[in-house]
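K.L.:
This is what each chain is made of:
2 protein chains.
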Amino acid sequence: MNGPIYNRVALIGLGLIASSMYWAIKRAGVVGEVTGYARSQATRDTARRIGLCDRVCDSAAAAVEGADLVVLCVPVGVMGQVAAEIAPALKPGATVSDVGSVKRAVITAVEPQLPDDVHFVPAHPLAGTEHSGPESGFAELFDNRWCLVVPVNGTAETPIAQLQSFWELLGANVEIMDPDHHDLVLAVTSHTPHLIAYTMVGVADDLRRVTDSEVIKYSAAGFRDFTRIAASDPTMWRDVFLSNKDATLEILGRFTEELFALQRAIRTGDGEHLHEYFTRTRAIRRGIIEAGQDTDAPDFGRAKAKE
Amino acid sequence: MNGPIYNRVALIGLGLIASSMYWAIKRAGVVGEVTGYARSQATRDTARRIGLCDRVCDSAAAAVEGADLVVLCVPVGVMGQVAAEIAPALKPGATVSDVGSVKRAVITAVEPQLPDDVHFVPAHPLAGTEHSGPESGFAELFDNRWCLVVPVNGTAETPIAQLQSFWELLGANVEIMDPDHHDLVLAVTSHTPHLIAYTMVGVADDLRRVTDSEVIKYSAAGFRDFTRIAASDPTMWRDVFLSNKDATLEILGRFTEELFALQRAIRTGDGEHLHEYFTRTRAIRRGIIEAGQDTDAPDFGRAKAKE
Ligand SMILES: NC(=O)c1ccc[n+]([C@@H]2O[C@H](COP(=O)([O-])OP(=O)(O)OC[C@H]3O[C@@H](n4cnc5c(N)ncnc54)[C@H](OP(=O)(O)O)[C@@H]3O)[C@@H](O)[C@H]2O)c1
Ligand SMILES: NC(=O)c1ccc[n+]([C@@H]2O[C@H](COP(=O)([O-])OP(=O)(O)OC[C@H]3O[C@@H](n4cnc5c(N)ncnc54)[C@H](OP(=O)(O)O)[C@@H]3O)[C@@H](O)[C@H]2O)c1
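Protein chains in written order, with this note's numbering: chain A, 17 to 323; chain B, 17 to 323.
FYI, nobody ran anything at the bench for these hints, they're computed from the structure. Among these hints, one or two may not hold up.
Since the list can't tell identical chains apart, any single copy or any two copies may satisfy a pair.
Said to hold, decoys possible - In silico DSBU-like cross-links for lysine-lysine, where the CA-CA straight-line distance does not exceed 30 Å: (1) Lys261 <-> Lys107; (2) Lys233 <-> Lys107; (3) Lys42 <-> Lys233; (4) Lys42 <-> Lys107; (5) Lys42 <-> Lys261.
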């Protein structure tokens with residue numbers, strides 16, 4: 017390639033995703049300067065202390081000034097507000113993107129705020145951990161994970177292609193997807209599972225009054241994984257559920273139906289139904305391992321990712 | 017200690033738990049001879065090929081002959097039947113134990129089958145993976161995990177203490193627990209989470225007809241963990257739910273209640289309720305990490321366990 021895709025990139029919000037993006041950008045050496053901004057003084061101080069971003073600015077407007085790419089890395093619920101804040105300072109011809117876990121609501125909130133002379137190209141990297149904040153990022157987070165680019169109607173091809181190349185340089189595989197379809201697929205693969213994990217851990221929390229700390233002490237496989245999922249950032253997830261309401265409620269409805277059927281099989285002692293159901297779900301796991309989205313290794317291949 | 021606790025140990029059933037026990041026994045070097053038996057010729061052949069057990073027998077009765085400790089490592093639903101099979105061949109004074117994930121139902125099924133001159137000491141090691149079969153075991157499975165010993169009324173102290181020492185030599189930490197209490201705690205920490213994971217993966221499987229293979233392709237954190245849980249052995253889990261029916265149904269009832277409350281908060285846009293709930297569940301995760309039942313490391317510390 018000839019020269020960098022973007023000379024200057026601005027990251028608004030400096031949490032898990034933004035900090036991972038910064039370290040991945042540095043690893044790839046593909047951007048001239050990366051500026052950053054976060055809402056709180058505390059996060060900006062931390063960022064300066066650990067060298068997160070080439071320059072940390074004290075306002076979102078200052079951070080986006082002269083930037084060729086601006087990436088909104090804030091919770092889904094404040095994307096619109098942040099877009100309004102930066103709009104007057106955006107360089108004409110710049111690309112504005114985001115990393116929000118929901119796409120339709122972000123598009124609805126952000127698009128009307130932006131001037132006509134910038135390109136808006138929403139995206140969503142399918143990568144994360146249960147940790148958050150400026151110190152939780154690492155360069156390898158996006159390696160071999162998907163990044164879904166979700167363009168809106170009428171966007172020129174070049175900014176889309178540039179954003180795609182950018183994410184590929186950060187280690188991700190990119191696919192283009194329609195916003196509503198994105199929200200439905202993610203409701204199945206991520207949003208509803210998170211709600212369920214939060215619920216189960218909440219039930220256990222209630223029961224601690226009965227079983228004391230035994231629920232924690234004897235926490236077995238299954239529940240332990242749920243607690244990890246349910247340790248994710250409350251603000252991020254509140255915003256995800258509120259802004260992907262329809263798809264989440266639809267999948268939850270189906271989930272409840274199936275759960276009632278299994279509950280009934282337990283109550284009536286219908287072992288055949290249970291065995292059949294549990295056999296069917298095994299095949300999905302095989303599919304995921306074959307698709308390279310997870311590993312069969314006892315450590316999930318995570319040791320390798322961190323090397 | 018002076019001499020081995022048991023000169024001869026018999027493992028009935030040669031799957032994940034039994035094979036891990038065998039390798040852990042060898043690592044500790046604490047038993048004279050370990051015999052083994054599994055139902056199918058195929059499993060017995062595999063065991064002989066990979067050197068699982070010092071001697072693989074062609075009947076359960078032959079395997080338990082002269083054994084000082086017999087451990088039933090078969091699915092919960094066949095424990096009673098296997099106990100009846102071995103009863104006539106048991107050595108007077110021997111200890112019979114099991115590793116079943118449910119305790120009350122196993123006690124009810126096994127106790128009446130055994131002769132009066134053996135000691136029955138049920139147990140449950142809280143350790144497992146989603147894999148099964150004779151080739152899935154490894155010596156480190158029980159290291160630093162709990163093994164709950166669940167004695168029945170009237171059992172002498174020596175056989176209980178011996179089984180406790182045995183499991184400690186295999187790497188586990190042992191606690192004594194009441195059977196019904198065991199079944200309730202496990203319904204919360206393991207059985208209900210497994211049912212929920214199976215259900216969610218089943219929902220996704222239905223939706224593949226809608227979203228094609230995208231559910232697999234874009235499988236994100238959360239769902240990916242569920243598929244691992246839901247890849248566990250169907251027979252084992254069918255038996256667990258059928259034999260821990262009451263506690264599972266009770267916890268499921270509570271789960272459904274809480275899920276409905278969260279569903280309602282999403283529908284009505286009650287962000288405060290969601291945020292509060294998601295904040296509360298974080299504390300449980302901290303408790304588990306502090307209790308040493310999981311690690312904060314991205315690889316769950318599993319790399320270390322396998323070293
Ligand atoms: N975590 C995941 O697994 C994951 C995966 C894919 C996509 N995403 C998406 O990525 C985005 C960021 O998530 P994250 O995990 O990186 O979150 P995070 O670690 O909690 O960081 C969020 C950042 O946004 C900043 N922020 C919040 N409100 C703001 C405002 N009004 N103006 C400016 N900055 C503000 C926060 O600043 P302070 O530190 O000053 O509060 C913080 O730096 C979310 O939209 C999420 O849906 C997350
Ligand atoms: N997996 C876990 O995470 C876990 C954790 C703690 C406790 N447990 C408990 O441990 C026990 C064994 O589980 P596992 O995971 O080791 O199972 P597994 O890998 O599926 O192995 C089960 C073994 O039992 C044998 N078997 C089945 N029916 C039999 C019968 N009627 N007579 C003789 N042998 C029979 C099987 O023989 P074939 O190979 O010939 O079919 C196989 O060798 C279960 O009670 C389970 O609840 C499991």
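K.L.:
Could you check the structure against the hints above and give me the numbers of any it violates, in ascending order?
P.N.:
Numbers 1, 2 and 5 - these are the hints that the structure violates, sorted from lowest upward.
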